[in-house]
Amino acid sequence: MKEGNRALSLYTLLVFIFLLGPLAIISVTSFEPGTILKFPPEGFSLRWYKNIFEVSMFMETFKTSVIVSMLGNLLALLLGVPAAYALSRFSFRGRDTLNALFLSPVLIPGIVLGFTLLRYLIVVYGLPIYAGLLIGHTVIMLPFIIRVIASSLANFDFAVEEAAQSLGAGRLYTFYKIVLPNIRSGIMAAILIAFLESFNNVDISVFMTGPGVSTLPIQMLTYVQNYFDPTIAAISVILMVLTAALMFIIERLMGFAYFTKR
Amino acid sequence: MNKRFLYLLLLPGILFLAAFMLIPIMLTIASTFVQDGQLTLEGYLHFFRDGYFNRILFTTLRVSVVTTLVCVVLGYPAAYYISRTSARKKSILLALAIFPLLTSPVVRSFSWMIILGKKGLLNTFLLSTGLIHDPLEIMYTPVAMMVGLVHLFLPLIIITLLGVMENLDYELVLAARSLGASSFTAFRKIIFPLTVPGLIIGSILVFVGSLTAYTTPALLGGKERVISTFLYQNAMTLNDWQAASVIAVIMIVITFVVVGLMNKWANRLNPKG
Amino acid sequence: MALLSLEQVSVAYDNHFILEDFNLQLEKGQLLSLLGPSGCGKTTTLRLIAGFLNAEQGKFMFSGQDYTHVPVNKRNFGFVFQSYALFPHMSVYDNVAFGLRLRKLKEAEVKKRVLRMLDIVSLNDFEKRLPQSLSGGQRQRVAIARALVIEPDLLLFDEPLSNLDANLRVNMRVEIRRIQQELGITTVYVSHDQEECFSISDQVAVMNQGKIEQLDHPAAIFKYPASEYVARFIGFGNFISFENRNDEGEDIELSTKGFNFQAVKRLNGAGNKGLLGAIRPDDLQLLVNVVDSKLVSNTLPGTVQVSTYLGRSYQYEVETELGTFTVNQEMEEPFRQGQRVTVYFPKEKLVLVQ
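Chains as they are written, first to last, in the UniProt record's numbering: chain A, 1 to 262; chain B, 1 to 273; chain C, 1 to 354.
Simulated from the structure, these hints should not be mistaken for lab results. Note that the Cβ used here is the ideal one computed from N, Cα and C, for glycine as well. Among the hints, a few may not be true.
What the hints assert, rightly or not - Part of the chain C face toward chain B, derived, beta carbon under 8 Å: (1) 52; (2) 72; (3) 73; (4) 77; (5) 81; (6) 83; (7) 89; (8) 102; (9) 103.
Said to hold, decoys possible - Sample of chain C residues lacking proximity to chain B, with all beta carbon distances greater than 12 Å (derived): (10) 55; (11) 125; (12) 310.
Claimed, not checked - In silico EDC-like cross-links for lysine to aspartate or glutamate, where the CA-CA straight-line distance does not exceed 16 Å: (13) C:265 to C:253; (14) A:261 to B:166; (15) B:90 to A:251; (16) C:273 to C:228.
Okay, chain A solo, but in the shape it has when bound:
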């Protein structure tokens, strides 16, 4: 029993080395002073971090990524919060179907969705690429917004809402004054999770590039396929720090239980 436990803990340790080792290696190589990625690096330098800020493509696409993720997030919230509320609060015919509809964007392969959006939104509907990018990101963020908020509403006792209404509050007033404050941390967490999902997205964005329009992950993808200097390693480190920070906030807001639920 004791030996079995030790073997299992060693096994788990190896699994986590496999998971995190490569990320640690990138972090170390990002400080390479030379022009070629090496491990271990031949010295310590921040030149590739400086390089990020000197290559305008990275700065431009970073800006696009942030704007698209934030605007898309806002749109997804406007569409998703009422829907999540309706789906959690009321039981009505066709609720399961609608639930499935709202969660379906995660089920459709991203690359298929990206291609379809390119073909119809850009080519057939004639929307500008930027708009296509924004819409595509909104579509993929919706399920995350709805799922996180619904799980937060699942813990909300709707009798409280009825109590407010019995005291004379209208529906909208009740929603703003009673429901919303109680699921605030759920909404915040939903925003952050959806943001990461959109910010890291490749499958949609890869089809939505055009003159002056591209996101950071796509820019990184193109760069890696052509150059092999440590710039991408440096960007990776910055992205990982950002991810860790957001993850920390998500944990504070609602713990990690959401992730283990299926």
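Given the coordinates of chain A, assemble chains B and C onto it according to the supplied hints.
Same frame as chain A, but now just chains B and C:
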């Protein structure tokens, strides 16, 4: 409940998804059955007669199956360990499993380029120890893709299994033990059968994810194509939209069939129904 | 010699002792209940005996052998869980057969024993059902059958009835007692419900903060609690602190603030030590006429403060010079609020605790 209020809440989302997801997908599906104004299956037949496409499909399936198996073998014991360890260790390990999941797939695949490349970490190490004399050609092969995909999806299966294992009533194990079962027997007869539905769901997620992943095969696969990079190539490089649409529909069908079948199987095995 | 004995056992969680220098003995064939509120250490004691957790210090002897380090699966004790812990992926039959199959019995023998056990717990036609499709009481009986079929040397129950509704609880505890006596199996039973413990046990151990406050026959504990804690726990709602005590006469003479009381001496000494008098609300009597309590012992003048109707009787809160007392009394015409009364303490019902 007021019906109008309900519509007001749901309609914007429904219309948005209909216009920007459902209808485009329906149109894409429909377009694959029409050629020169005629209803036909030629688009599909053409593909399945094409050896090149069959090879890609086969590579994709093979990589996905192996990825899923490796994820199960690596992930199941790790998840079990995490579920049984102290609360403090558990939260740390859970955070360490979630972190890669939230990290950009570009970053994660890129990390393997540093390791698996011709002059990468692995080759440098193996050459220096004298175990090999010529660098291994791992990069831009199905093996590289598979390693990248395992790395991509391992956290997903770990946390999925963890969710199931956490819900497991540990008293069942104590009950089995008090009836004379060794810890291993208790695991084999109680824990394992009860986690099989979770294992199936985790496997679906990994399998479908690997089947449709784009970033990792694009970076680690090089000229070696899988179905998703093939779709991209047809759409963006060759501008063959008809072909790209057919591939898209094939991917949708495979995804839905796999998810549907496995869900059914998982539900049948789930004693709670 | 005792079949089971815990000697100087200590168990700690996070540097906090749940049990410290704990001792317990049990004779063969007896049913012992561990009774106490949650957190008193009763479940810890049971799990220690089962082998689910290990003692920091001390010894656990069973049948003359040292069982302290014998693993759970080698102990051959049956355990019935509060949650039943039925294997959800196995039928009733397979649940009950689980322990027998581990003992490598022939399938024919397994079948014979399982069916006989299902017969004992009256679940004859349920072999093929899954636990989820059974009612709470049925699940409970499967759990008992599963623990009994291995012919355990000791049977352990952890709050087995707390998930059942009130009527079923009464039926099941009769059932448990019947099976236990029929098979003559030594049993340790944990519960926080005193009525449940008193009704089925040969011995009851009232526990508090990791210690046994009193271990005795149910009737003895019920009548003569040994400590204030036990008295309160089993419903002695009224207490008087005495200043003086004199054991010389036929009865024990007690006094405080000029009031004199007498209490009957007991042969074995239980319920007879200390200066704190305890009495149940049911055992106090209210008298209409006011007497001079300084002259008539075992009486106190008082005023009715609150009167509530309990169905069978009325309950009164009576204020006196020695504090407020709760009295339950059956009567046609209830006392009024504010009415002057005399509280009478029958000397045979007044017990003294430490």
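Do the hints match the structure? See the list:
1. For residue 52 of chain C, the shortest C-beta to C-beta distance to chain B is roughly 5 Å, which falls under 8 Å, so the interface hint holds.
2. A least Cβ separation of about 4 Å between residue 72 of chain C and chain B falls short of the 8 Å threshold, and the interface hint therefore holds.
3. Annotation: interface hint on residue 73 of chain C holds; nearest CB of chain B at approximately 5 Å, less than 8 Å.
4. For residue 77 of chain C, the shortest C-beta to C-beta distance to chain B is roughly 6 Å, which falls under 8 Å, so the interface hint holds.
5. Taking 8 Å as the C-beta cut-off, the interface hint given for residue 81 of chain C holds, the closest approach to chain B being about 5 Å.
6. The interface hint given for residue 83 of chain C holds, since its Cβ lies 6 Å from the closest Cβ of chain B, which is under the 8 Å cut-off.
7. Satisfaction of the interface hint for residue 89 of chain C is found here, the shortest Cβ-Cβ separation to chain B being roughly 5 Å, below the 8 Å cut-off.
8. Nearest Cβ of chain B to the Cβ of residue 102 of chain C: about 4 Å, under the 8 Å cut. The hint holds.
9. A distance limit of 8 Å between C-beta atoms decides the matter here; for residue 103 of chain C the minimum to chain B is near 6 Å, and the interface restraint holds.
10. No Cβ of chain B approaches the Cβ of residue 55 of chain C within 12 Å, the least distance being about 17 Å, so the stated non-interface status holds.
11. For residue 125 of chain C, the requirement that its beta carbon stay farther than 12 Å from each beta carbon of chain B is met, with the minimum near 20 Å.
12. Every beta carbon of chain B lies more than 12 Å from that of residue 310 of chain C, the smallest distance being close to 39 Å; the non-interface claim holds.
13. Only pairs whose Cα atoms come within 16 Å are accepted, and residue 265 of chain C paired with residue 253 of chain C is accepted, the gap being roughly 10 Å.
14. For the hint pairing residue 261 of chain A with residue 166 of chain B, the CA-to-CA distance comes to about 10 Å; that is within 16 Å, so the pair holds.
15. For the given pair, residue 90 of chain B sits about 14 Å from residue 251 of chain A by alpha-carbon distance, which is consistent with the 16 Å threshold.
16. Restraint check for residue 273 of chain C and residue 228 of chain C: satisfied, since their Cα atoms lie roughly 11 Å apart, inside the 16 Å limit.
Checked against the numbered hints above, the structure violates none of them.
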